[in-house]
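Q: Given chain A, work out where chain B should sit, using these hints.
Protein chains: 2
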Amino acid sequence: MQETLLSDDAVRDPAAIAAQLAAKKYAADIVEALNQLEPQDAASVLGRLPAERAVELFEEQELNDPAGLITQIPEEQAKAVLNGLSADRATDIFQQLPPVDRTRLLSLLAPENRGPIESLLIYPPNTAGALMTTEFVSVPSTWTIGQTLQHVRVVEHTRETIYAIYVLDPYRRTLQQVVTLRRLVAGDPNASIVSVGRDPITTKPLVDREDVARIITKYDLLAVPVVDDKNHVLGIVTVDDIIDAIIEEGTEDVQKFGGVEAMDEPYLHIGFFEMIKKRAGWLSVLFLSEMLTASAMQHFSDELEKAVVLTLFIPLIMSSGGNSGSQATSLLIRSLALRDVKLSDWWRVILRELPMGLVLGAILGIIGTIRIAVWQEAGLFDYGEHWRLIAATVAGALVGIVTFGSLVGAMLPFVLKRLGFDPASASAPFVATLVDVSGLVIYFTVALIFLKGTLL
Amino acid sequence: MQETLLSDDAVRDPAAIAAQLAAKKYAADIVEALNQLEPQDAASVLGRLPAERAVELFEEQELNDPAGLITQIPEEQAKAVLNGLSADRATDIFQQLPPVDRTRLLSLLAPENRGPIESLLIYPPNTAGALMTTEFVSVPSTWTIGQTLQHVRVVEHTRETIYAIYVLDPYRRTLQQVVTLRRLVAGDPNASIVSVGRDPITTKPLVDREDVARIITKYDLLAVPVVDDKNHVLGIVTVDDIIDAIIEEGTEDVQKFGGVEAMDEPYLHIGFFEMIKKRAGWLSVLFLSEMLTASAMQHFSDELEKAVVLTLFIPLIMSSGGNSGSQATSLLIRSLALRDVKLSDWWRVILRELPMGLVLGAILGIIGTIRIAVWQEAGLFDYGEHWRLIAATVAGALVGIVTFGSLVGAMLPFVLKRLGFDPASASAPFVATLVDVSGLVIYFTVALIFLKGTLL
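Protein chains in written order, with our numbering: chain A, 16 to 471; chain B, 16 to 471.
The shape of chain A in the complex, shown without the other chains (with noise of 0.2 Å):
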């Protein structure tokens, strides 16, 4: 779309494309078109807008790596933009640089932006602690909602949102109760501000962003306080945070079920040798994983000798396999992280599967039959006299399989949340080369039984 957003001519030269830029309406636009150019066209538009609009585009989520953006504008504008920044946001470029820029620009805020900063940076990514913001409203709960209004007519400007609004205990200073925008407008001048709040739903500053989204989804809130075990209000976090979490949790589980380790930029802005980094260690030990396939085979080696007609179907069966347990893991992962199954749900679960594994297992092995029967009567193939008993050796096998791979790939999310992981760490080929392995065993065993004294 750049050729949309910029014209020709300006593509290369920064003030050109600064003074282009500046005139869009939405800081949503401007970045997109940022997000197009190399970094150091994107730093240098950067340093030449005005430092409020500097603010609003380094305010947006959606720009590509603001950390090393900031740190490429010269000092008086990183400066500009740092200072007028919410305190979450900059909470969450600071904790995106090196330790050694951390200590520079820090230098640069005002005391009075860089106290709430410093404070908000001791809480670790991805927690409630540094989503949240400390611009919000507070009021004394001896008030009354024409007095809160007119103190939020006041401070509206300094504060990020002020759709919830936090109602103290005057002396302790305790979280009483929230009174939504909505109420306060709707409600009567001289009434007291108690009679139009509700006890307020809170969250701890160490809880993960997951969970702070299901609090705001469930209650359908706009903001959630985070308060501390005093029940003093630290800050809130506020539902366009939570989407941002929310979609790149979407994007960490679908990267996760590949087998990627979770990327936090997209994909044309990854350097190629961190993007072979994040692949190649999961590629790596599913691949010496998956060598168990090779020793498996060699000890089969007399058998396969015996009847090579066998190593025909070993690809479609061990992929049957791994099939169904990618299908039970997609189905479970998400389970468990909506919470619409538990943790001690597992046997309702290995009950549901080991019937359902039967039947896909039978349906496939009818399948399977159907197809040797046909090449063998067409005179497609030759697998031999016994192609009845190869047959039902494949069918056997599929069976035992697939309801191996079902249960396998259901139980692999409960038993990583278990052991303390993030149950989508189960991914599509960690579940394919758990269940190859055993595919193997169970394919060989079945073929001893049923082709003992024939074939083999």
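If you're looking for bench data, these hints aren't it; they were derived computationally from the structure.
Take these hints with a grain of salt, some might be off.
Some chain B residues near chain A, calculated using beta-carbon distances under 8 Å [as the list claims (entries may be wrong)]:
1) Tyr138
2) Tyr186
3) Met290
4) Leu303
5) Ala309
6) Leu327
7) Ile329
8) Gln342
9) Leu353
Examples of chain A residues lying across from chain B (beta carbon under 7 Å, computed) [said to hold, decoys possible]:
10) Thr232
11) Asp255
12) Gln270
13) Gly273
Label pairs and their in silico Cβ distance ranges [to be verified]:
14) A:Leu434 <-> B:Ser210: 56 to 62 Å
15) B:Lys39 <-> A:Trp362: 25 to 31 Å
16) B:Pro185 <-> A:Tyr41: 22 to 28 Å
17) A:Pro155 <-> B:Tyr234: 33 to 39 Å
18) A:Pro155 <-> B:Asn141: 45 to 51 Å
19) A:Ser153 <-> B:Pro89: 41 to 47 Å
20) A:Tyr186 <-> B:Ser210: 38 to 44 Å
Since the structure is predicted, the reported quantities are computational estimates derived from the model, not experimental observations.
Ideal placement from N, C-alpha and C gives every residue a C-beta, glycine not left out.
A: Okay, now just chain B, sitting in the frame of chain A:
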């Protein structure tokens, strides 16, 4: 969690459950408890609750199978609930009803509720039109801020959201501006409403919910107006509906990537045979395609007879192709979904995946060579006198197959999108199957090159 939500003696007595639940503070918590019950018990409880409470519960997106429940509660209660629901939620539920129930229940609606719902029912599921609510606040552009605030106070209780107010042309009733409640509250009551408005970002009724989510996320909106071709506001889609849509899309992406048809109900609530249907289809298609591996193996059966040792590495080599393909697919599916990568970027992706595949393949090739050499030299297994050539075959095939897998895996989402399908339909099993057949051909071709004149 059933234990903590309901006391034990209440578990089988709907009246007792209803009494216990009615005392709970948050609708979301009651819904969580109801979802744990058998459907007929949940319906029985919903039939006994006060009508206003039942409305609140049916309003919650998290309630399982609301359409099934509404048909099971007494007609008087169903009537009260359906007339009390917001238009968009009622439409949601009507859309899930079988035609006969739909007609019966529509007749229970008061005429003023029936009109909007019938007009919303014409939009296909998962479009902006189906998600939107008709209960929003609009004012003519001739009003002042004070007049608007007064109007908002009066209509507040009948509107789903008042956080965005739509300013219309007083004569043609076309959309001119949007004003947030925040700017309304902060503004001067005597100023014109247009002094605090801004140009609205809008969407059309037939736009897919994923694109609506993208607009709301990109511009950090609390709601987006849905307009017709003449710029009349048909309704608005609010951020909480969009969060549910984003989560559902994330689940669908993972399920489809796992090779299952998307499921619209929680795992433990789907009937056994429906689940079979959702899984057997894809599994059978994959199985039929994977049969090509048997054909490929049959084609190379002479080579197999001569060099059974080659079969030992078939699972290892094939799975590496599938794994690298599944990695590339998972990366590109999300990149396309989030618009990080556009359809026209396909050649940039190829230019990345080609060297990526070569490097990843070489890494695995080195590991594989070491494995064969160690086993051979340590006397763990005898690959024969030509073991060095076999190792070279395995390494060469790995480079070819991993490169091929990465390219196919990365291009599949592009091809699907180009053909008008959802790129997320590119599942890991689908990629693995595509790569398996060609992987065998690559393996045996490399073998013919390296082993011609010795083993083959």
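Q: If a hint holds in the structure, say so; if it does not, say that too.
A: The hints, checked one at a time:
1. Look at tyrosine 138 of chain B: its Cβ only gets to about 23 Å from chain A, farther than 8 Å, so that hint breaks.
2. Because the beta carbon of tyrosine 186 of chain B sits about 26 Å from the nearest beta carbon in chain A, more than 8 Å, this interface hint is broken.
3. Nearest Cβ of chain A to the Cβ of methionine 290 of chain B: about 6 Å, under the 8 Å cut. The hint holds.
4. Checking leucine 303 of chain B against chain A by beta carbon gives a least distance of about 7 Å; that is within 8 Å, so the hint holds.
5. Because the beta carbon of alanine 309 of chain B sits about 5 Å from the nearest beta carbon in chain A, less than 8 Å, this interface hint is met.
6. Because the closest C-beta pair between leucine 327 of chain B and chain A is about 4 Å apart, less than 8 Å, the hint holds.
7. The beta carbon of isoleucine 329 of chain B comes within 6 Å of a beta carbon in chain A, closer than 8 Å, and the hint placing it at the interface holds.
8. Nearest Cβ of chain A to the Cβ of glutamine 342 of chain B: about 5 Å, under the 8 Å cut. The hint holds.
9. The criterion of a C-beta within 8 Å of any C-beta in chain A is met by leucine 353 of chain B, whose closest approach is roughly 7 Å, and the hint holds.
10. At its closest, the beta carbon of threonine 232 of chain A sits 5 Å from a beta carbon of chain B; the interface hint therefore holds under the 7 Å criterion.
11. Annotation: interface hint on aspartate 255 of chain A holds; nearest CB of chain B at approximately 5 Å, less than 7 Å.
12. The criterion of a C-beta within 7 Å of any C-beta in chain B is met by glutamine 270 of chain A, whose closest approach is roughly 5 Å, and the hint holds.
13. Proximity of glycine 273 of chain A to chain B holds as hinted, the smallest CB-CB distance being about 2 Å (cut-off 7 Å).
14. The hinted window of 56 to 62 Å between leucine 434 of chain A and serine 210 of chain B holds, with their beta carbons roughly 59 Å apart.
15. Hint check: lysine 39 of chain B to tryptophan 362 of chain A, Cβ distance near 29 Å, so the stated range 25 to 31 Å holds.
16. Checked against the hint of 22 to 28 Å, the C-beta distance between proline 185 of chain B and tyrosine 41 of chain A comes to roughly 27 Å, which is consistent with it.
17. Separated by about 35 Å at the C-beta atoms, proline 155 of chain A and tyrosine 234 of chain B satisfy the suggested range of 33 to 39 Å.
18. Separated by about 46 Å at the C-beta atoms, proline 155 of chain A and asparagine 141 of chain B satisfy the suggested range of 45 to 51 Å.
19. Serine 153 of chain A and proline 89 of chain B have their C-beta atoms about 46 Å apart, which keeps the hinted 41 to 47 Å range intact.
20. Restraint check, tyrosine 186 of chain A to serine 210 of chain B: a C-beta distance of roughly 41 Å satisfies the suggested window 38 to 44 Å.
The structure fails hints 1, 2 (numbered hints given earlier, in ascending order).
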